[in-house]
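Heads up: the sequence lines are chains L and X, in that order. If you read the first sequence in my numbering, its first letter stands for residue 1, the second for the next number, and so on. If you read the second sequence in my numbering, its first letter stands for residue 1, the second for the next number, and so on.
Hints listed in this document are in silico derivations from the structure and should not be mistaken for laboratory results. Please note: incorrect hints may appear among the correct ones.
Note: identical chains are not told apart, hence a pair may lie in one copy or across any two.
[What the hints assert, rightly or not] The list that follows gives simulated cross-link-like pairs (lysine to aspartate or glutamate, EDC-like), each with its CA atoms no further than 16 Å apart:
{"id": "1", "residue 1": "K147", "residue 2": "D102"}
{"id": "2", "residue 1": "K147", "residue 2": "D180"}
{"id": "3", "residue 1": "K147", "residue 2": "D177"}
{"id": "4", "residue 1": "K147", "residue 2": "D92"}
{"id": "5", "residue 1": "K147", "residue 2": "E179"}
{"id": "6", "residue 1": "K147", "residue 2": "E173"}
{"id": "7", "residue 1": "K147", "residue 2": "D121"}
{"id": "8", "residue 1": "K147", "residue 2": "E80"}
{"id": "9", "residue 1": "K147", "residue 2": "D161"}
There are 2 protein chains.
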Amino acid sequence: MTSTDLSAPAPDRRIRRMPERQVTDQAALHALLDAELVGHLAATHYGGPIVVPMAYARAGDHLLLHGSTGGGFALRAAAERTPVAFAVTSLDGLVVARSLYDHSMNYRSAIVYGVLEAVEDEASALDLLTERLLPGRAREVRASTRKELAATRVLRLALDDVVMKARAGGPSESPDDGEDHSSWAGVVPLARTWGEPVASVLTPAGVPVPESVVALATTGAPS
Amino acid sequence: MTSTDLSAPAPDRRIRRMPERQVTDQAALHALLDAELVGHLAATHYGGPIVVPMAYARAGDHLLLHGSTGGGFALRAAAERTPVAFAVTSLDGLVVARSLYDHSMNYRSAIVYGVLEAVEDEASALDLLTERLLPGRAREVRASTRKELAATRVLRLALDDVVMKARAGGPSESPDDGEDHSSWAGVVPLARTWGEPVASVLTPAGVPVPESVVALATTGAPS
Chain L
1 MTSTDLSAPA PDRRIRRMPE RQVTDQAALH ALLDAELVGH LAATHYGGPI
51 VVPMAYARAG DHLLLHGSTG GGFALRAAAE RTPVAFAVTS LDGLVVARSL
101 YDHSMNYRSA IVYGVLEAVE DEASALDLLT ERLLPGRARE VRASTRKELA
151 ATRVLRLALD DVVMKARAGG PSESPDDGED HSSWAGVVPL ARTWGEPVAS
201 VLTPAGVPVP ESVVALATTG APS
Chain X
1 MTSTDLSAPA PDRRIRRMPE RQVTDQAALH ALLDAELVGH LAATHYGGPI
51 VVPMAYARAG DHLLLHGSTG GGFALRAAAE RTPVAFAVTS LDGLVVARSL
101 YDHSMNYRSA IVYGVLEAVE DEASALDLLT ERLLPGRARE VRASTRKELA
151 ATRVLRLALD DVVMKARAGG PSESPDDGED HSSWAGVVPL ARTWGEPVAS
201 VLTPAGVPVP ESVVALATTG APS
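Starting from the given sequences, assemble the full structure and let the hints guide the process.
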């Protein structure tokens, strides 16, 4: 696959509810995936559903998932080639209407369906994940040791079967069913921001904050 | 159930990876659930896993899930009493170490396992959900109509089988494997904040922002 065909999800993925919220723009998908840091991986495990948060990064037409948080079930799903679903969601704002019913949330959400695969070159995948999570950091620290790489598991998931939905803008209201049309309606945006870096007790007194961290705090929000 | 026994998850839920990160404090669980607005619901659907974001609110020892985003599969899972898993995650910070390997994220995550049930008194459940998402708003708008209530689905999930994990604090490093101990290590906190309310085109000129929205912006971050 050289591109993600969002216009033709597998037949059982069709959006039945609110189909007008389906997004078929690959740039919008990539923007969402590149802005968020953590997604939720779901699989069937011991006969029932399981879902856990996992850090990830997009590398072209794949997502790279970091194995440590997901723990055993992600590695097992990869080994057994059982299907998984991975959701990435950005909550963008609260939509305030003049009836409770028309309140809503602005969001962007992508669900990727597929099979996890082991990554062959884990050192490169780890570099890419790190570069995504904290750009420039890899150049500030020593190289990973062989032992560290051996303890690291990076899995990948192709962006072949993806459904994206989004809601943006103000509230929509039925034309006339009793709202007070003289009152306020609108959106309260929700943003995430990096706070001031906090030095660990490991840091000797007077040591400056590294460039990568300064840049992160300056560029601001991850989404 | 009058309380959630986090110390005794079902046998197949035991945390095998990083068991030191398991949280068994009910107050910490409730604090997480009461701070977040959206979780991820997973189930088995058409033979494979599916996961979607859903708004929720905690009501005592249950979570109330709003049906519209989750669409058909959540309603179907409730009707058929098939097991689901619901994850609520707060990403709290980026942990910066002096080796790539020791970088991490601070987070709190709860996974609730169970069966979704229809809520009998949907009007009350909807009020509770709204009060959680935008406190005070219900008193500012007209009551929901019978038609609106009929179109609303609220599902509930008992907090009986929950696994919570958390990581907090600075990086942990192996004592001596080549890090530059004269350099910086620490945490970059990640916070979510409500932005300035934006009036919709539906709002007549000069209408003030409602008290509920002012209060939301003032109290600040949902997590």
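Now for the hints, and whether the structure bears them out:
In this assembly of identical chains, K147 and D102 lie within 16 Å of each other by CA distance solely across copies; the values are 13 Å between and 55 Å within a copy. Taking the closest pair of Cα atoms, K147 and D180 never come within 16 Å of each other, the shortest separation being 66 Å inside a single copy and 18 Å across copies. For a Cα distance limit of 16 Å, the shortest separation of K147 from D177 across copies, 10 Å, qualifies, whereas the shortest one inside one copy, 66 Å, does not. For a Cα distance limit of 16 Å, the shortest separation of K147 from D92 qualifies neither inside one copy, at 41 Å, nor across copies, at 28 Å.
Proximity of K147 and E179 under a CA criterion of 16 Å is satisfied inter-copy only: 14 Å between copies versus 64 Å inside one chain copy. Taking CA atoms no more than 16 Å apart as the test, K147 paired with E173 passes between copies only; the shortest distance there is 14 Å, against 59 Å inside one copy. For a Cα distance limit of 16 Å, the shortest separation of K147 from D121 inside one copy, 15 Å, qualifies, whereas the shortest one across copies, 57 Å, does not. Taking CA atoms no more than 16 Å apart as the test, K147 paired with E80 passes in neither setting, with 26 Å inside one copy and 48 Å between copies.
Taking the shortest Cα distances, K147 and D161 never come within 16 Å of each other, neither inside one copy (35 Å) nor across copies (36 Å).
Violated hints, in rising order: 2, 4, 8 and 9; the structure is consistent with all others.
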